[in-house]
Every structure is written in C-alpha cells, then in structure tokens.
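> All chains, please: the whole structure from these sequences, using the hints.
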Amino acid sequence: MSVVVRAACAVRTRRVPVAAVLGVLGVLVVAAGLAGLVAGRALGAPEVWEVLSGGGDARARHVVLQLRLPRALVAPVAGAALGLAGTVLQSALRNPLAGPEVTGVTPGAVLGAVAATGLGLAGWEHPAAVVAAAAAGGFAGAGLLWLLAGRDQGDPARAAVYGVLASAVLSGLTAVVLLVAPGELGSVVQWLVGSTEGRVWAHWNLLWPWTLVWAVLAWLLAGPLTLLRCGQEQAAAAGLATGRARAAALVCAVALTAGAVPAVGALGFVGLLVPHLAFAVLGAELRTALPGAALLGATVVGWADAVAQWLSRALAALTATDRLVVPAGALTTGCGALLLLVVARRSGGADR
Amino acid sequence: MTTAETGVRAGGGAATGAVRPGGIRVEGLRFGYPGREVLRGVDLAVAGGELVALVGLNGCGKSTLLRLCAGLLRPAAGRVLLDGAVVAGLSRRATARRIALLHQSAPAVPGMTVRQIVRQGRYAVRGPLGMLRDGEDPVCARAMADAGVAEWADRPVEALSGGERQRVRLAMALAQDTRALLLDEPTTYLDPRHQLEVMATVVRLRAERGLTVVMVLHDIGQAARFADRIVALRDGVVVADGAPEAVVTPGLLADALGVAGRVGRDPEGGWPVCYLDHPLPEGKPIEK
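For the protein sequence lines, the chains are A and B, in the order given.
Sequential numbering of the first sequence, starting at 1, is according to this note's numbering.
Sequential numbering of the second sequence, starting at 1001, is according to this note's numbering.
Source of the hints: derived by calculation from the structure; they are not laboratory data.
All C-beta atoms in this analysis are idealised placements derived from N, C-alpha and C, irrespective of residue type, glycine included.
Do not rely on the hints blindly, as some may be mistaken.
What the hints assert, rightly or not - Residues from chain B that keep clear of chain A, each with C-beta distances beyond 12 Å, as calculated:
(1) Arg-1040
(2) Gly-1163
(3) Leu-1205
(4) Asp-1219
(5) Gly-1251
(6) Asp-1266
(7) Val-1273
(8) Tyr-1275
What the hints assert, rightly or not - Simulated coverage check for chain A against chain B, where a stretch passes if three residues somewhere in it have a Cβ under 8 Å from a Cβ of chain B:
(9) 220-231
(10) 236-242
(11) 281-287
Dropping the structure here:
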C-alpha cells in the first residue's frame, strides 16, 4: 500500500510524467477489453483469435462479433463516462461525497429509462429514445436535489444527505413504474443493478459519439473546475463566473451519466469512487485528473465486466446450470463499498 | 518617504493623465442583506500606488466593502470604478485582471501543490482554454518569489502551516498580475513574526511594483505604522479618513474601535503608537 502512496506522490509532484501514468492506464483498458473478449462461456481464447483474424465458423463469428465485441467496447466507454461524470460533479459541487449515484442523477436517469420503456415509448430497439429519456430523468433528479438542498449546497455532508433522499425517492418511483408496467421486467432489472450483459452494436453506436462529445466538453471545463475546487469565493475572486461554470459542469455530468445508464445501468460506486482514485494518482488539477478519471473508469468497468464473465463461467461449471450470471454492477458495488470505507476514513482524517 | 508616496497622498484620485494606474473610486456605495444594511453610503478614493488600511469593528462593513470593490457583490446603490471603469459593467474576468482579492480564509485544496494553486491565479488572464496549456509561466514564478513561496513550489498545500498557506494564497492573488490588491485581514491568524513578514512583503511590493493596496487590519498599530492612509468605518459609513499621524487619536479609537486608549509616537520611526485600554462605555480601566 505504501508503495502505491509513494508512487502517487511522485506523480503529483511531476517526478513521474503524467503521460506515462495515462499510458499505463491505457494499457490496462486495452487489457480489460481483451480479457472481456476471451472470458465468456462459449468460446476460448484460440477461437476468439481465429475469428478476429478473419476465420472461424458462423456461430463463433456471431458470438465474437455480435455479442462479445460490442460488450467489450461498451463496458469501458460507459465506465469512462461515469468516471468523468463523478469527477466533474465532485469538483463543481466541491463535495467529495458527490457522484451521479448519490446526487439523484443516476437514479433519475434509471427512472427515465425504465419509465420510457415501461410506457412503451422506448425499448431495446430504440436506444436513442432511452438515452433521451435517461437524460430527462437525470436532469429531473439533479433538479430535485437542487430543490431539496436549496441554500445548503455549500455543506458537503448536508448535500450528501439530500442526495440520498433524492435518490431514495427516485428509486421508489422506479419501483412503482416496475409494478405498474412489469412487461419487460427482466431486461429492465439490468438497469437497476448495472450490467454489461447483452450489449449490442446499437448501444455502442450511440454511446461512443455521445460520450466523446461530452468528454471533450468536460475537458474544456477543466480550468474552471480546478478553480471551483479551490472554493467558490476564491474562484470568483480569480475571475471565474462561478454560477455559469457550475451550471455548464452539471449539464456535462448529467449528459455523461445519461449516456452511460441506458448502456450499462446504474453501475454502483463507479462515479463516486473513480474520482478519488484519479485525484490520488494524478493530483487535483482537472486537465490531468479528467483524462485519468476517464481511463480509470474504463479500467474499472472493463475489468469488472471481464471478471463478472469469468465468475459466471466458474459458477456455471460448479453448479452445472446456465442460469447464474454475475452482473458487473454487483462487482463494482461490492468492491466499491470497501473502497468507500477507506475514502471515508481518509477524508475524515484530512478534514479535521 | 519617497516622492512617489507623498505625491500619491496629495493626488487623492483626480482623473488626469498623470495619475498612476490602479486607482479605486467608490461613490455613494450602499449594500445590505434583507433586514440589515451593511454599507450606508460610502465614498472613498484610493489613488494608484496608495496603501490604505481599513479599520473598524467586526461587522462594520470592511469586508463587504472589499468584496464590492472586487465586483463579487452587486451594490444596492452607488458604484465602484477601477481606473475609471465601472465594476458592475465589467465581466468577472475583466474585473479580476484589474483587481485581486485575498480572502480572510480559504479551504485547503487537497491534492494540489503550491505551484498548481498559484497557477490558478492566471485564470483571469489566460481564460478557460489558456488554463489547459502546460508550461512555465513567468508571472507565476515571479508571484511565488514575491510571496516567498518559491522554495515550496512542489510541496502539497496540505503539508504547509497556516502562515505558509496564507503566503501561498497571496502568491495566487499576485499571479493575477493586477495593479490593485485587496487584502482582507491578511495577518489575523498569524503569529507576530509571520504578521510582520506579510506586512513587509506588502510594503515591498507596493514600493517595487507601485501596487495599490487596500487592506483590512484589526491591529491599529500595524495600520498606523505601514499605511499611507487610514480609513475607519463604523456602522457602514466612513468616520475617519486621512494620514495615520492626523487621524490616529484617542477620539478615533473610541469612535471606530470602541476602546479607550492613548496615542504616542514610536521613538525611532515617529509613527503613531496606540496604547489600548478598556472597553467603552462601562468606564473603569482594567486594573492589574
């Protein structure tokens, strides 16, 4: 552990170039994608390689090109979007406990997606409509928090409490929608837990341009966001129109989340904890921390997807049934809860 | 005393071409929160290159006046002019290129080095896209040297003491490269040695760069010693305005600070020295 801390310090004081760190993270993302490609149940690494080099039978080609490849691409990009959204939110709100999951953004986006699907306005065959509904829901969730928190937004602990309240209300509404319109319950539940199962090219085709656009916009906000981390008063005195900068940042964060939720659902803790990793490794300057958060988010979700597939395969072999599938969201939530304990202890110590 | 300083004192803010840049002019300024009027018509002219100390009791409107000058609050009536431009008509960035404000206190930013914090002061000049570019900035290097923080440039800010952090924030304000600098109680949380260090830095910067400095001070002795002019506020109005030798009197101590006291002269420097005694109006001196 101390080695990691020392390495992080070395990066922060620029003794290790940032480019090297980002390069290492990039390699980890690619490795996660490759691991995801070969981790599934039906095919092993040699068959996957055969298909990728142009061979393989029809079934293998279908599995690799139509099922595994889009999944291996969607998982890291959605992770990058969630990592970016969390980093932008924590900086804009100056709250280390902020994240799309706990500010009403993700629950709102899930509610939007579930409601649109439940009402028959959107479905798996119309991913664009789901994204639009998720974005509307995400903005509604953020708006709900805004209304609840009112003038208390400066206090991180109170804002976090209101965020939990808003998230609970939205999750309750989602449950109501599910009870009223249980038609597509099976596919909809994936959004609640967060899963990378069954992603298809339609998801990818929508996800990557949407994420790319908002990621670039988020990076262009790196200067104002870094200033906001210094405190609102300081930022204003240094020449930042803080209200406008915050609003732009929140739009970015909601849009990034709304793009990721229809693709992978509410992957627990990714948006809340990836920023902490990014700041620890790359320092608090957002022009380096944001690319780091994107790559770390991609790494985390990419590996969560690969490990989830491995676990599913192992479980299937153990129990001799095909029905047990470990969702990636269960993994991120489980590991995230542990990491959150570490973060809570550390930030509690630093504040006092 | 240099000729520049005496010239400034006589100059009082006349808008001629010979006036040095960095002048601040406050005209009929009023500001309040619901149910409480903080400033009730303040007029003040600070010439370019002048060092003015604002004194007064807590809550008399000193900090509010600084914030209004920096354009962080909107006046209910009246206006603030920086080098003749009305602050309310300037963008946030344009204002921050003319005037920098060091707040009384600020949260520490975890994960940032001194160099990174100071660099944030360049936002007003560089803009959001300019902040994305890497590379050494000579203004930052100068600001760090001026504030005496260059040797800690690569240290994380969390690792510094309160006095050191104060100097880092001063460096961040200096990195804005403005002609006017507002300091809100820059010495309040510091021990005497660090207080004098900050004051010496401010006096030196004013002499070398011709900065206009307006600082809120609670220590009337420091105000009398270092400032060209003392402006005293009480209940949102100016009750005294002039050179320390002229305005620091027992009457001012009673009026603006609510304490009785005597005023002497420093045997070597000749500036006014205050011996503060008991609070008014209960009366009796505090016996040992």
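> Which hints, by number, does the structure contradict?
none
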